[in-house]
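One letter stands for each residue in the lines below.
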Amino acid sequence: MNFNFNEDQAAFRDSVARFLMVEAAPEKLREIWQTGDGRSPALRVALAELGLTALSVPEAEGGLGLGDVDWALITQQLGYFAIPDSLADTACLASGLLAGLPAEHEARAAWLPRIVDGSARIAVGHPVNPWVADAHLADLLLMPHAVEGGIEWHGLAPEQVQLTACPSIDGSRRLAAVQWTPSPATRLCDAATGQRLADELLDRAALAVAGQLLGLAQRMLDLGVDYAAQRKQFGKPIGSFQAIKHQLADVVTLIEFAKPVLYRAAAALAADEPGRAARVSHAKLACAEAAWTAARKSIQVHGAMGYTWEVDLQMFMKRAWALDAAWGDRAFHKARLGDALLDGDALPLGPGATFN
Amino acid sequence: MDLTYTPQQQAFRAEVRDWLARHVPREPFASYDTREGFEQHRAWEATLAGAGYSSVTWPRELGGRGCDLTEWLIFEEEYAAADAPQRVNQNGILLLGPTLMEFGTPAQKARFLPRMARCEDMFAQGWSEPNAGSDMAAITSRAIRDGDEYVINGQKTWSTRAVFANWMFGLFRSDPASSRHHGLSYLLVPLDAPGVTIRPITALNGKQAFAEVFFDDVRVPAEHRIGEEGQGWHVAMATAGFERGLLLRSPARYQRTAQKLVQLYRRHRRSADRDPGIREAVLRAWMGAEAYTLASYHTVARLAAGASIGAEASTNKIFWSELDLQMHETAMRILGARAEYLPGAPDAESADWLEGFLFAQAGPIYAGSNEIQRNIIAERLLGLPK
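Chains as they are written, first to last, in the working numbering: chain A, 1 to 356; chain B, 1 to 386.
Bound conformation, chain A alone:
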């Protein structure tokens, strides 16, 4: 029993953090927001050089063969720096989906090495989302098609889809509704395999979002603390007033008690435990509450400045508000947890049941 990450995992997290601190500084985010594509090809190349795109790809296909537990550390960094890139969609979700296809499947050989070297962007759809992220730049779109007996997955080239942009309040998100027609030529797998892949994808994606939400909560807390320490009223820093202190302290507690929930869910996903879905929903709800609360408290601490375009807080709040409902909104995850816990017996209850 050891609930710690090892030194390699922590060192990798630290190297990602050091890189993003420079390359995804708030002023750079603002520049990228203003571009039409909303994406920096240079940033994606650099993220690939860092090894991030290779993380989930099996070693046989040139990747690092790491997994969901490693991502739980990395996604927090992606959130903390609010990177203007749906990196996790390609590097974590698409690679997981493709790696779930049979070993000899040609789509694996065609795409997994390109994920590793950073030359491919892959957009991933799911019935739980009305949109697909970064479809406008995708070299490949992986789209679900509901049929009797489950969900088929189809691989589509950009020219095989029609996109309708769905502008988001988060200036760095690029969402689109995707229209396409399934055909035997685009089909990647049958409905039974595809349903299993779709379920796993949903949990993996919800967890990636949860990690980002937790990172965002920490960032908004840090911004609030910085502002409260420097802004003076009544002759002293506003951070010396208990009314301010207590709001920020509550965010600390929410973050501290969401983090191990995230890690436990990542382990459940990696080991495909029976309670996987419920634990992922718990993590998504806990991290979303931390982020949503951090946004509310931090803007309150910032006062009127928090309501401006000029102060960086807005970028992180908007990402948090957007991700709150991505890959399953709160209603979805509460309903799923309630089904498992109150109506079913997918989760063992009581002392001693936390670690199977």
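Take the hints with a grain of salt, since some may be wrong.
Here chain A is said to cover these stretches of chain B; the calculated rule only asks that three of the stretch's residues, wherever they fall, bring their Cβ under 8 Å from a Cβ of chain A [stated by the list, open to error]:
1. 86-97
2. 221-233
Each computed SDA-like pair below joins lysine to any residue, with the alpha-carbon atoms no more than 20 Å apart [claimed, not checked]:
3. B:Lys386 - A:Gln230
4. A:Lys334 - B:Leu69
5. B:Lys386 - A:Pro237
6. B:Lys386 - A:Gly350
7. B:Lys386 - A:Gly67
8. B:Lys386 - A:Ala243
9. A:Lys236 - B:Lys386
10. A:Lys232 - B:Pro385
11. B:Lys260 - B:Asp273
12. B:Lys260 - A:Asp345
13. A:Lys236 - B:Arg380
14. B:Lys207 - B:Gln326
15. B:Lys386 - A:Gln242
16. B:Lys109 - B:Lys207
17. A:Lys334 - B:Gln263
18. A:Lys334 - B:Lys386
19. B:Lys386 - A:Asp345
20. B:Lys260 - A:Ala340
21. A:Lys232 - B:Lys109
22. A:Lys334 - B:Gln259
23. B:Lys260 - A:Gly350
24. B:Lys260 - A:Ala353
25. A:Lys236 - B:Pro385
26. A:Lys232 - B:Ala345
27. A:Lys334 - B:Lys109
28. A:Lys334 - B:Asp273
29. B:Lys386 - A:Ala229
30. A:Lys334 - B:Pro276
31. A:Lys236 - B:Asn375
32. A:Lys318 - A:Ile32
Hints are computed from structural coordinates only; laboratory data are not their basis.
In this text, a Cβ means the ideal position worked out from N, Cα and C, and glycines have one as well.
Fit chain B to the known structure of chain A by using the hints.
Below, chain B alone, put in the same frame as chain A:
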């Protein structure tokens, strides 16, 4: 990360489960805030001590089991799952014991720890005074050195277990010219010493849960001082740290309560679902208990890797006290018009929830109010100015 138990840990769990199945009393005890219940709980603690289970994290030579913190979590899980009696000796085993191990002389350890482990000496807390509550450094009770003794005058209050205990540990001002957290000394005081007057305070559940303790020229040998003279604040803060930290509220009891709440909801589902908020409240209770458990395992792993618990302990205190309140409030909502019933009313299932609901009211207040904890988090973890 390895989230499996070792064969040794599994064997320990099996051993504890088996022992508890054979020893946990079938009939519930009276409240330990009554004379009868106090003696029942004390006898149970002695039974636990006989098997080394009264203080599993203590070294074997002091009457414990030498367990690491993961084994402690396992013990607590089995203990809560067995619905074994509440622990009457927490003041000694969890608060004073670790302080003695860190600051006590070899003679003090030999004198007090084995008797404490066997529950032969029971300790009350002596922190708060009428004008020193959240502002604990405002203590005015004096312990003035006179040769080999201290002479104590003053008053303590909200002294948990003082009605039935035979010892008190607490802070007294040994330097009359000092102020705030300087010049305090940490003393052990026998409550049967001449000049000690104990006046029980009746809590809102009608039980004598704590007491006012008056000192009138009470003489205590200097060898009952823990740590250096004038360093009592430092010693007491270590005790307060243990209290707020990991050990005082093991996660297992909250998991047990959450489990019972889910069962209560299932039994009363038809009426409970009339309030659309109840189902979500039950989910929140389970999520909170699970998060608290996971956070405890996470802390244990960090401690094992060499980290120490500092102000993070304050987040723990806020979390468990608010969780306890939330769970019992939810139970009261489910029980509806029967929630107010005392034992003896026709529907017996409500009495435990009501007792727990009353006790939960105290959680955000004792062991350092949650407002004080939020100050600690803001100042020590976030670095905000005083």
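Hints, verified against the model:
1. Residues of the region 86-97 of chain B with a Cβ under 8 Å from some Cβ of chain A number 0, which does not satisfy the need for three, so the listed coverage is violated.
2. Given a C-beta distance limit of less than 8 Å, the hint that chain A covers the region 221-233 of chain B is violated, as 0 residues qualify and 3 are needed.
3. At most 20 Å may separate the alpha-carbon atoms for a hinted pair to count; B:Lys386 and A:Gln230 meet this at roughly 14 Å.
4. For the hint linking A:Lys334 to B:Leu69, the alpha-carbon distance of about 33 Å lies beyond 20 Å, and the restraint is violated.
5. Taking the CA atoms of B:Lys386 and A:Pro237, the gap is about 9 Å. The hint holds against a cut of 20 Å.
6. Our distance criterion of 20 Å between C-alpha atoms is broken by B:Lys386 and A:Gly350, whose separation comes to about 41 Å.
7. This hinted pair does not check out: B:Lys386 and A:Gly67 have alpha carbons roughly 44 Å apart, beyond 20 Å.
8. Restraint check for B:Lys386 and A:Ala243: the C-alpha separation of about 12 Å stays at or below 20 Å, so the hint holds.
9. For the hint linking A:Lys236 to B:Lys386, the alpha-carbon distance of about 10 Å falls within 20 Å, and the restraint holds.
10. Between A:Lys232 and B:Pro385 the alpha-carbon distance is near 12 Å, which keeps this suggested pair within the 20 Å criterion.
11. Between B:Lys260 and B:Asp273 the CA atoms are separated by roughly 17 Å; this keeps the pair inside 20 Å, and the hint holds.
12. The suggested pairing of B:Lys260 with A:Asp345 holds, with an alpha-carbon distance near 15 Å, which does not exceed 20 Å.
13. Restraint check for A:Lys236 and B:Arg380: satisfied, since their Cα atoms lie roughly 18 Å apart, inside the 20 Å limit.
14. Restraint check: the Cα-Cα separation between B:Lys207 and B:Gln326 comes to about 23 Å, which exceeds 20 Å; the hinted pair is violated.
15. As the CA atoms of B:Lys386 and A:Gln242 are separated by approximately 9 Å, the hinted pair is consistent with the 20 Å bound.
16. Restraint check: the Cα-Cα separation between B:Lys109 and B:Lys207 comes to about 33 Å, which exceeds 20 Å; the hinted pair is violated.
17. Between A:Lys334 and B:Gln263 the alpha-carbon distance is near 18 Å, which keeps this suggested pair within the 20 Å criterion.
18. Between A:Lys334 and B:Lys386 the alpha-carbon distance is near 40 Å, which puts this suggested pair outside the 20 Å criterion.
19. About 49 Å separates the Cα atoms of B:Lys386 and A:Asp345, which puts this hinted pair outside 20 Å; it is violated.
20. This hinted pair checks out: B:Lys260 and A:Ala340 have alpha carbons roughly 16 Å apart, not beyond 20 Å.
21. A distance of roughly 51 Å separates the Cα atoms of A:Lys232 and B:Lys109; the hinted pair therefore is violated under the 20 Å criterion.
22. For a cut-off of 20 Å, the pair hint linking A:Lys334 to B:Gln259 stands: about 18 Å separates their Cα positions.
23. The hinted pair formed by B:Lys260 and A:Gly350 meets the criterion: a straight-line CA distance of about 8 Å does not exceed 20 Å.
24. Under the criterion of a C-alpha separation no larger than 20 Å, the hint pairing B:Lys260 with A:Ala353 is consistent with the structure, at around 14 Å.
25. Straight-line distance between C-alpha atoms of A:Lys236 and B:Pro385 comes to about 9 Å, which keeps the hinted pair within the 20 Å bound.
26. This hinted pair does not check out: A:Lys232 and B:Ala345 have alpha carbons roughly 59 Å apart, beyond 20 Å.
27. For the proposed pair A:Lys334 and B:Lys109, the alpha carbon gap of about 52 Å is over 20 Å, so the pair is violated.
28. For the suggested pair A:Lys334 and B:Asp273, the alpha carbons sit about 15 Å apart, so the restraint of at most 20 Å is met.
29. Among the hinted pairs, B:Lys386 with A:Ala229 is consistent with the structure: their alpha-carbon atoms are about 11 Å apart, no more than 20 Å.
30. The hinted pair formed by A:Lys334 and B:Pro276 meets the criterion: a straight-line CA distance of about 13 Å does not exceed 20 Å.
31. For the proposed pair A:Lys236 and B:Asn375, the alpha carbon gap of about 17 Å is at most 20 Å, so the pair holds.
32. Straight-line distance between C-alpha atoms of A:Lys318 and A:Ile32 comes to about 15 Å, which keeps the hinted pair within the 20 Å bound.
Hints 1, 2, 4, 6, 7, 14, 16, 18, 19, 21, 26, 27 from the earlier list are contradicted by this structure; the remaining hints agree with it.
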